[in-house]
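In order, the protein sequences belong to chains V and C. The end of the first sequence is residue 997 by this note's numbering, with every number in the run present. The end of the second sequence is residue 246 by this note's numbering, with every number in the run present.
Treat the hints as calculated values from the structure; they're not laboratory data. Take the hints with a grain of salt, since some may be wrong.
Stated by the list, open to error - Short derived list, chain C residues pointing at chain V, Cβ under 8 Å: (1) T85; (2) D105; (3) M241.
Unchecked claim - Ranges between beta-carbon positions, derived for each pair: (4) V:P871 / C:R141: 39 to 49 Å; (5) V:A962 / C:G144: 37 to 47 Å; (6) V:Y780 / C:D83: 42 to 52 Å; (7) V:Y981 / C:F81: 15 to 25 Å; (8) C:M224 / V:A978: 52 to 62 Å; (9) V:K757 / C:E122: 42 to 52 Å; (10) V:W758 / C:K104: 16 to 26 Å; (11) C:V242 / V:L937: 58 to 68 Å.
Glycine included, each C-beta is placed from N, C-alpha and C at the ideal position.
Take a look at the letters that make up each chain.
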Amino acid sequence: MKINRVIALIYYDMLVFSRAKWRVMEMFYFPITTVVMWGLFSSYMKSFAAEAGLIVLVLNIFWNFASVAQSNTNMQIMDDSWSGSIKQLLISGIKESEYIFARIISTTAISVALLALMLSVSLYMFDLRVIFEKPAASAMLFLSTLVASIAMSVIIAAFIITAGKEYGFLSWTMLQIFILLSAPFYPVSVFPDWLQPITTLMPYTATFENARALASGSAIDNGLLAQGLLISVSYLALSLPAYFYAFKRARKTGYLVKFGS
Amino acid sequence: MNAIEVIDVSKKFKVSGKEFYALKDVSLGIKKDEIFGLLGPNGSGKTTLINIIIGLLTADEGNVKLLGKDVGKFPDITEKVGLVSNDARFHWALNVKDVFTFFGMVHGLEKRERERRASELADFFGLEKILKRRVDGLSTGERMRLSFAKALMNKPSILLLDEPTLGLDPSISIKLRKEIKNINKEFGTPMLLTSHYMREVQQLADRVAFIYRGEIMDTRDVRGVDLEKYFLKMVRLGE
Numbered sequence: 737m738k739i740n741r742v743i744a745l746i747y748y749d750m751l752v753f754s755r756a757k758w759r760v761m762e763m764f765y766f767p768i769t770t771v772v773m774w775g776l777f778s779s780y781m782k783s784f785a786a787e788a789g790l791i792v793l794v795l796n797i798f799w800n801f802a803s804v805a806q807s808n809t810n811m812q813i814m815d816d817s818w819s820g821s822i823k824q825l826l827i828s829g830i831k832e833s834e835y836i837f838a839r840i841i842s843t844t845a846i847s848v849a850l851l852a853l854m855l856s857v858s859l860y861m862f863d864l865r866v867i868f869e870k871p872a873a874s875a876m877l878f879l880s881t882l883v884a885s886i887a888m889s890v891i892i893a894a895f896i897i898t899a900g901k902e903y904g905f906l907s908w909t910m911l912q913i914f915i916l917l918s919a920p921f922y923p924v925s926v927f928p929d930w931l932q933p934i935t936t937l938m939p940y941t942a943t944f945e946n947a948r949a950l951a952s953g954s955a956i957d958n959g960l961l962a963q964g965l966l967i968s969v970s971y972l973a974l975s976l977p978a979y980f981y982a983f984k985r986a987r988k989t990g991y992l993v994k995f996g997s
Numbered sequence: 008m009n010a011i012e013v014i015d016v017s018k019k020f021k022v023s024g025k026e027f028y029a030l031k032d033v034s035l036g037i038k039k040d041e042i043f044g045l046l047g048p049n050g051s052g053k054t055t056l057i058n059i060i061i062g063l064l065t066a067d068e069g070n071v072k073l074l075g076k077d078v079g080k081f082p083d084i085t086e087k088v089g090l091v092s093n094d095a096r097f098h099w100a101l102n103v104k105d106v107f108t109f110f111g112m113v114h115g116l117e118k119r120e121r122e123r124r125a126s127e128l129a130d131f132f133g134l135e136k137i138l139k140r141r142v143d144g145l146s147t148g149e150r151m152r153l154s155f156a157k158a159l160m161n162k163p164s165i166l167l168l169d170e171p172t173l174g175l176d177p178s179i180s181i182k183l184r185k186e187i188k189n190i191n192k193e194f195g196t197p198m199l200l201t202s203h204y205m206r207e208v209q210q211l212a213d214r215v216a217f218i219y220r221g222e223i224m225d226t227r228d229v230r231g232v233d234l235e236k237y238f239l240k241m242v243r244l245g246e
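Next up, chain V with everything else stripped away, as it sits in the complex (with noise of 0.2 Å):
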């Protein structure tokens, strides 16, 4: 790995990122007025259900962090398949590993950047102040939710290149059964008993069951923290040979060059 072709590349997604005014709203403009939105749900149920409303605002602030931090890679990668500007990346000698690192890194500042907004939001609108209450454990749900989202956009991108771009709106659609099926807002009992093994597998679940204690002032539990974290390292691990799996198949049966044309 290169670390100026990483550079570069970085630079290539910010100047993009800045100028394609989509990308702005799509990462900036939603989760921000979703969380407002949920913000004076929360407000308006502080007097009948003040937990209720709080794990509502909490848990969309990890969903929305969740979803950046995915979609953006995915967005990316589909931009340069959509502009037909991936080609010209891959032939200057841009390997496919630098190719994902530095959406990787581009994607994390901007997810960060979200989250730093929507909790200032939070905290100067509506006094959320139970994330700051426990730094330590905010951090680490945080990160396991950024390193769970990686991971999604690594497979998600996989996917894409083995499938072929037709399947692009798996970028902003795919994350959402995965959300659904990690409990954000309910426990894992609400499902059906022969799901919730799976549900427990799920990249999210033990970070939003964790989320949810702290939204409701309940203790964290370190254990499930640690899973939390183990359950995103793995699908991080199991991810990046499914994406280099799929660059070698798709040089070979001819869809990465579709994919750039």
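Since the structure of chain V is already known, use the hints to place chain C on it.
For chain C alone, kept in the frame of chain V given last:
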């Protein structure tokens, strides 16, 4: 040692459940200082071969060596190859200067060197007045000139030219042909050229190969050959 060595390369694709050979047992050797023309009708396998040489596609059988190194074993060797193709597209949000800056960074050029090289190339290709223009506002000719300039940013050891003057107005085409010849003479840069303009190939290439339905039918010196007649004769033979 040849600059480009294509050894028994075959590539099959599947369309609607049926397999067909896009390339079959293709072998070519392009010498260090020559311009080699690859002729053939549309769909004959020229671009597939270029995609295999550049590493975007892997061969089912056979291998490609660039400057003596097997592309499959040493993929980094493709860094030394510049590709100019008629389908070159850059992200619409970038302007011409951004393209130079970005690819200069990719090739590891220091800022001062990058700016000097970008200025030289912009000057040569007549892009200096449109450096701030966004890529989606460029004409076909301007985009093609940018593609050419970008391919030369890292002073490549090998140039692949896939229909390099397609859609360009004659004055630019003449200028580009002169430059192709100059680069080849001055630096001995070997080039693989595909073109539908027989006059262009006649003017530039030292040798040509004719490819038809994925197979090389003939390889010969250009001198003394009327390429237009040659092309038609080879198509007839292939049918």
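Comparing the hints with the structure gives:
1. Contact between T85 (chain C) and chain V, as hinted, is supported at the beta carbon level, the nearest pair being about 6 Å apart and thus within 8 Å.
2. Interface hint at D105 (chain C): satisfied, since its Cβ lies 6 Å from the closest Cβ of chain V, which is below the 8 Å cut-off.
3. Violation of the interface hint for M241 (chain C) is found here, the shortest Cβ-Cβ separation to chain V being roughly 26 Å, above the 8 Å cut-off.
4. Taken as a hint, the range 39 to 49 Å holds for the pair P871 (chain V) and R141 (chain C), whose Cβ atoms sit roughly 44 Å apart.
5. Remark: the range hint 37 to 47 Å for A962 (chain V) to G144 (chain C) is contradicted by a beta-carbon distance near 53 Å.
6. Taking the beta carbon of each, Y780 (chain V) and D83 (chain C) are about 60 Å apart, not inside 42 to 52 Å as hinted.
7. The supplied range of 15 to 25 Å is met by Y981 (chain V) and F81 (chain C), whose beta-carbon atoms lie about 21 Å from each other.
8. For the pair M224 (chain C) and A978 (chain V), the beta carbons lie near 42 Å from each other, so the given range of 52 to 62 Å is not met.
9. For K757 (chain V) paired with E122 (chain C), a C-beta distance near 29 Å fails the hint of 42 to 52 Å.
10. With their beta carbons about 23 Å apart, W758 (chain V) and K104 (chain C) fall inside the hinted range of 16 to 26 Å.
11. Take V242 (chain C) and L937 (chain V): their Cβ atoms lie about 60 Å apart, and the range 58 to 68 Å holds.
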